[in-house]
Amino acid sequence: METMIALTIDGHFLQVPKGTTILEAAKSIGIAIPTLCHYKLEGQGIENKPGSCRVCVVEVEGSKNLVPSCYTECKEGMVIHTHTLRVIMARRTVVDLLLSDHPSDCLVCPQAGKCELQKLALDLGLREITYSGSKSVYKKDISAAIIRDMNKCIMCRRCETVCNQMQTVGALSAINRGFEAVVGTAFEQKLEDSTCVMCGQCVQACPVGALSEVDNTRDVMKALNNPKKTVIVQTAPAVRVALGEEFGMEPGSRVTGKMVTALRQLGFNYVFDTDFAADLTIMEEGTEMLDRIARYQAGDKSVRLPIMTSCCPGWVNFFETYYPEMLDVPSTAKSPMMMFGAIAKNYWAEKLGISREDLVVVAIMPCVAKKYECKRDEFQVNGNPDVDISLTTRELADMIRYLGIKFDQLPNGEFDRPLGESTGAAAIFGATGGVIEAATRTAYELYTKKALGKVDFQQLRGLTGVREATVDFDGTPIRIGIAHGLGNARKLLDKVRKGEEFFHAIEIMACPGGCVGGAGQPYHHGDFSKVEKRLNAIYEEDSSMPIRKSHENPYIKQLYKEYLGEPCGEKAHHLLHTHYFDKSKKNYGL
Amino acid sequence: MCKFELNDTNKQIIIDVCKANGNSAGNVIHVLHGVQGKLGYLPAEVQEFIAKQLNIPVSKVYGIVSFYSFFTMTPKGKYPIDVCLGTACHVRGSDKLLEEFRRQLGIGEGQTTEDGLFSLSTLRCVGACSLAPVAMIGEKVYGRLTPNQVAGIIAEYRDK
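So the sequences go chain by chain: A and B.
Numbering-wise (the numbering used here), the first sequence opens with residue 1 and increments by one.
Numbering-wise (the numbering used here), the second sequence opens with residue 1001 and increments by one.
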């Protein structure tokens, strides 16, 4: 039996399990205590509660000092007041002090309107900054995907917690002391020279504008306004279940049709779907997986299992940095975004008679690392990239706002053909476990030559960090491992490396929840229930599709017949597969 | 001044210090203390190597090195000079003394002269307040110093 603690908060009597913090207890009865440094991803075992910002202080009767509620556990008989004058004045002083060493360029800050510090100042009614003194000055650090503007850092260390605890990347740490203290990299090197894998979860966690993604919306506007260019767009599966949040819609709202209409209104010549390329990925990765399993079962000792998914650019950077001895283990299949680019700039451009230089491929991604991925050398042909620009879900929302489009009132539109047709298998790429489920649907039928009765593989779904399941391929048990969040990936990989577990196939996504919890998605400010709702919406999207297996996509069949030949054939290999690089030199510690 | 090289001898020194501390991440401060004691300072390559030995991110190691003023990433000179800025020395004009060392050596606090002979730093009280203002060169304490003695003292060491 759990020991229960009885206490009173703001006149309400309640009982909570021992170990509950005051913040959690208050939340359970609908009392919202403001927080800033506190960041918790419910159910993911990730929590940052240094108790350092003191915004969440409350008054406890009998206690001389105010106590931080995020970190103080409830005790029997406590009488707590969360919003007394004393408490509010203390919070105001805390925020006032934070603002005294914070730039006041809020009007033009990338976080404007979404900033937690700004919201606190507003909620507390601060009308002037009383304290004046020195301000911290740091050089801006701009990488391919992430901008660090440490003048704005408030030392909440949420980024440090996600970088170290959740992702086990360890690129960020608190450095220096006193007024000089800041979150930085080893030797204050540029992020690009550090062990950073560009997953961007630090950006998702940052409450202020200290960490943000590189803004590419202007590059897109420029291309759209250039009459010489044909500008096409592809949208990742996780974007359509999150974009609505930027316009006040409920988390988990499916806005696929509205998103297509908005993209047309923005002026894209063709609105296509990354989901098409996700189906293509399954054809390639699924074929590669079956080939490896078949050769393994035939006793070929040169085959390395498990095969691992390679759609996630944060994950690719991670294994290139930390698991260089495993470079031949992940599938060589490019990510759906890059496959789309390769098909668009070759097959489709040829078909339309456009040169690749006159074709601009824009990608809308739930991701920050994709910005880095599309800039990788191996994805350029004579200096021209397969994917020109990658925008986050947030940047797309910004562009929709630039044009004053009333998003929630838009009629539904439909993707263009042929690169806009997709199946339910592609839709679930946006959820943890989705890629491997999509691959399983296709691999099962190709392997057993039998039709699947039920396409839903519940055993592969869920939000547990590391999952293991066995799928019966008509008598052959296929062992599958799944991890989301790079710390979980490390746990799974270390088991494989030590030979403790055997898997035929492993799916890994760098972000918690998969792409639905991506760093480029609308800020959830630590409310993981939003990510869960997006995840559920992804499966609804899948169920609503008439075709739910990638190999049954008629346009994919046509593409192979007309252009590519066989999956993993010579042409497919040339266009749709890649190779990996040893980046372990950057990795000193882990 | 020769550039630091992370050669096998130095690597072995680090490995031994780590081992003596159980290769434990929790003992990283002791490890840094020990290694700086043996090598004189903690350049980036050394911190990277320590991080690898203890299996922790190098950003964490640097976080500690940059936090404690005791740890240094620049090598100390052959004759490390410490000027006391404690209360007694301060009231007796140690700031002027420090300024004169700076001027004579052409370096600032925490820096080392190009010939590697002198490094300059400050500390708070050596327990010789009756002799204020005080400076130390190596282990030797110089008391009741005036700025006009500084040039002579430096020359003495330079000629050693």
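If you're looking for bench data, these hints aren't it; they were derived computationally from the structure.
For each residue, glycine too, the CB sits at the ideal point set by N, CA and C.
Any given hint could be a false lead.
Stated by the list, open to error - Simulated restraints, written as ranges between beta carbons of each label pair:
no.	chain 1	residue 1	chain 2	residue 2	range
1	A	Asp219	B	Pro1147	56 to 62 Å
2	B	Gly1026	A	Asp300	42 to 48 Å
3	A	His525	B	Lys1078	53 to 59 Å
4	A	Arg479	B	Gly1026	56 to 62 Å
5	B	Gly1026	A	Phe13	42 to 48 Å
6	B	Asp1115	A	Lys135	46 to 52 Å
As the list claims (entries may be wrong) - Under the rule of at most 16 Å between Cα atoms (straight-line distance), these lysine to aspartate or glutamate pairs were calculated in the EDC-like manner:
no.	chain 1	residue 1	chain 2	residue 2
7	A	Lys583	A	Glu378
8	B	Lys1140	B	Asp1082
9	A	Lys585	B	Asp1082
10	A	Lys222	A	Asp358
11	A	Lys585	B	Glu1048
12	A	Lys301	A	Glu320
Check: Which numbered hints are broken by the structure, listed smallest first?
Finding: 4, 6, 9 and 12
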